[in-house]
Amino acid sequence: MKVHLRGALRESETKRFILRRLRKGPASGTELARKLGISRVAVWKHIKELNSLGYSIRATGKGYCLEKEAKIPCPWELEVKAIYFHAVSSTMEVARALAERGTLRTFVIAGEQTSGRGRLGRSWLSMPGGLYFSLALSPGIPMEDLSDLRLRIMEEVAGAIKNFGVDVKVNENGIFTKNGKLGGVLVEGFGEPELARFAVVGVGVNVNNPVPRGGTSLSLELGKRVSLLRVAKAVIEGVSYDTC
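The sequence shown begins at 1 in my numbering and counts up by one.
A couple of the hints might just be wrong.
[Claimed, not checked] Straight-line Cα separation of at most 25 angstroms, SDA-like style, residue types lysine to any residue; simulated pairs: (1) K233 <-> R197; (2) K24 <-> H86; (3) K169 <-> L104; (4) K71 <-> E13; (5) K233 <-> E77; (6) K162 <-> E144; (7) K233 <-> N51; (8) K68 <-> I57; (9) K81 <-> L104; (10) K81 <-> A59; (11) K48 <-> S28; (12) K48 <-> L5; (13) K24 <-> C65; (14) K24 <-> G54; (15) K178 <-> G223; (16) K233 <-> L9; (17) K71 <-> S56; (18) K81 <-> K178; (19) K181 <-> E194; (20) K224 <-> N179; (21) K233 <-> G25; (22) K35 <-> K45; (23) K71 <-> G54; (24) K24 <-> K45; (25) K233 <-> A59; (26) K169 <-> L195; (27) K71 <-> S12; (28) K81 <-> S227; (29) K48 <-> G63; (30) K233 <-> T106; (31) K35 <-> N51; (32) K62 <-> V41; (33) K169 <-> N208; (34) K181 <-> S138; (35) K233 <-> H86; (36) K81 <-> E100; (37) K68 <-> G129; (38) K181 <-> P128; (39) K224 <-> P193.
These aren't lab readings, by the way, just hints derived from the structure by calculation.
Go ahead and model the full structure; you've got the sequences and the hints to work with.
Here you go:
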């Protein structure tokens, strides 16, 4: 299975450093270039890309100034190995393809899925504004343990969501509030009938995205838009604690 990573955002220690420095206050291009060991032009290119992703970094008399944060979970904002697509057919398929070539425990995150899917072959509506990600786990997982793994991960996701003030419950069909389905977890094993060479975990949480009938979202539950980045950090931290 081929995987195309063209257009994906990848981890960048340079961008991570620039943002951490600017969160402390303005910094000149000369200072950033010196500390990073790159040219001022290279610094400018990184800042230009950050601005294109939704950050607002303005050049002032005191240097570059960070005025607004991005709203998407860029890899350098997370404490895990990750790649981010603005749109992809299915994060499950990308994570599986990466696993086939030996890349495990990489969070594949998407702003939108055009062919997202849930359990039992059902489609999962994955419009912009929601949190959608997958990752492949280590080999040697007994197939009979995959259902327990799925429930365990759903509990981690639910725990992260509760920290936003939303009361959720977990059952075998997903993560629910009293108003409808808020999220779900899909786990697929690949390999021998009894032992998976690897397993791919997919997580979907409705945050600010439109939802189908019978669904709900964090923004609907709270009556306001929610930071997708904050939700991503909380949920991914919980899942990574359980799986990585």
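These are the hints, each one checked on the structure:
{"no.": "1", "hint": "K233 <-> R197", "result": "violated (28 angstroms)"}
{"no.": "2", "hint": "K24 <-> H86", "result": "violated (28 angstroms)"}
{"no.": "3", "hint": "K169 <-> L104", "result": "violated (30 angstroms)"}
{"no.": "4", "hint": "K71 <-> E13", "result": "holds (19 angstroms)"}
{"no.": "5", "hint": "K233 <-> E77", "result": "holds (8 angstroms)"}
{"no.": "6", "hint": "K162 <-> E144", "result": "violated (29 angstroms)"}
{"no.": "7", "hint": "K233 <-> N51", "result": "holds (21 angstroms)"}
{"no.": "8", "hint": "K68 <-> I57", "result": "holds (7 angstroms)"}
{"no.": "9", "hint": "K81 <-> L104", "result": "holds (10 angstroms)"}
{"no.": "10", "hint": "K81 <-> A59", "result": "violated (31 angstroms)"}
{"no.": "11", "hint": "K48 <-> S28", "result": "holds (15 angstroms)"}
{"no.": "12", "hint": "K48 <-> L5", "result": "holds (21 angstroms)"}
{"no.": "13", "hint": "K24 <-> C65", "result": "holds (10 angstroms)"}
{"no.": "14", "hint": "K24 <-> G54", "result": "holds (19 angstroms)"}
{"no.": "15", "hint": "K178 <-> G223", "result": "holds (15 angstroms)"}
{"no.": "16", "hint": "K233 <-> L9", "result": "holds (16 angstroms)"}
{"no.": "17", "hint": "K71 <-> S56", "result": "holds (11 angstroms)"}
{"no.": "18", "hint": "K81 <-> K178", "result": "violated (34 angstroms)"}
{"no.": "19", "hint": "K181 <-> E194", "result": "violated (32 angstroms)"}
{"no.": "20", "hint": "K224 <-> N179", "result": "holds (16 angstroms)"}
{"no.": "21", "hint": "K233 <-> G25", "result": "holds (23 angstroms)"}
{"no.": "22", "hint": "K35 <-> K45", "result": "holds (16 angstroms)"}
{"no.": "23", "hint": "K71 <-> G54", "result": "holds (7 angstroms)"}
{"no.": "24", "hint": "K24 <-> K45", "result": "holds (21 angstroms)"}
{"no.": "25", "hint": "K233 <-> A59", "result": "violated (29 angstroms)"}
{"no.": "26", "hint": "K169 <-> L195", "result": "violated (30 angstroms)"}
{"no.": "27", "hint": "K71 <-> S12", "result": "holds (17 angstroms)"}
{"no.": "28", "hint": "K81 <-> S227", "result": "holds (21 angstroms)"}
{"no.": "29", "hint": "K48 <-> G63", "result": "holds (15 angstroms)"}
{"no.": "30", "hint": "K233 <-> T106", "result": "holds (15 angstroms)"}
{"no.": "31", "hint": "K35 <-> N51", "result": "holds (21 angstroms)"}
{"no.": "32", "hint": "K62 <-> V41", "result": "holds (18 angstroms)"}
{"no.": "33", "hint": "K169 <-> N208", "result": "holds (20 angstroms)"}
{"no.": "34", "hint": "K181 <-> S138", "result": "violated (29 angstroms)"}
{"no.": "35", "hint": "K233 <-> H86", "result": "holds (17 angstroms)"}
{"no.": "36", "hint": "K81 <-> E100", "result": "holds (17 angstroms)"}
{"no.": "37", "hint": "K68 <-> G129", "result": "holds (18 angstroms)"}
{"no.": "38", "hint": "K181 <-> P128", "result": "holds (17 angstroms)"}
{"no.": "39", "hint": "K224 <-> P193", "result": "violated (46 angstroms)"}
Checked against the numbered hints above, the structure breaks hints 1, 2, 3, 6, 10, 18, 19, 25, 26, 34, 39 and satisfies the rest.
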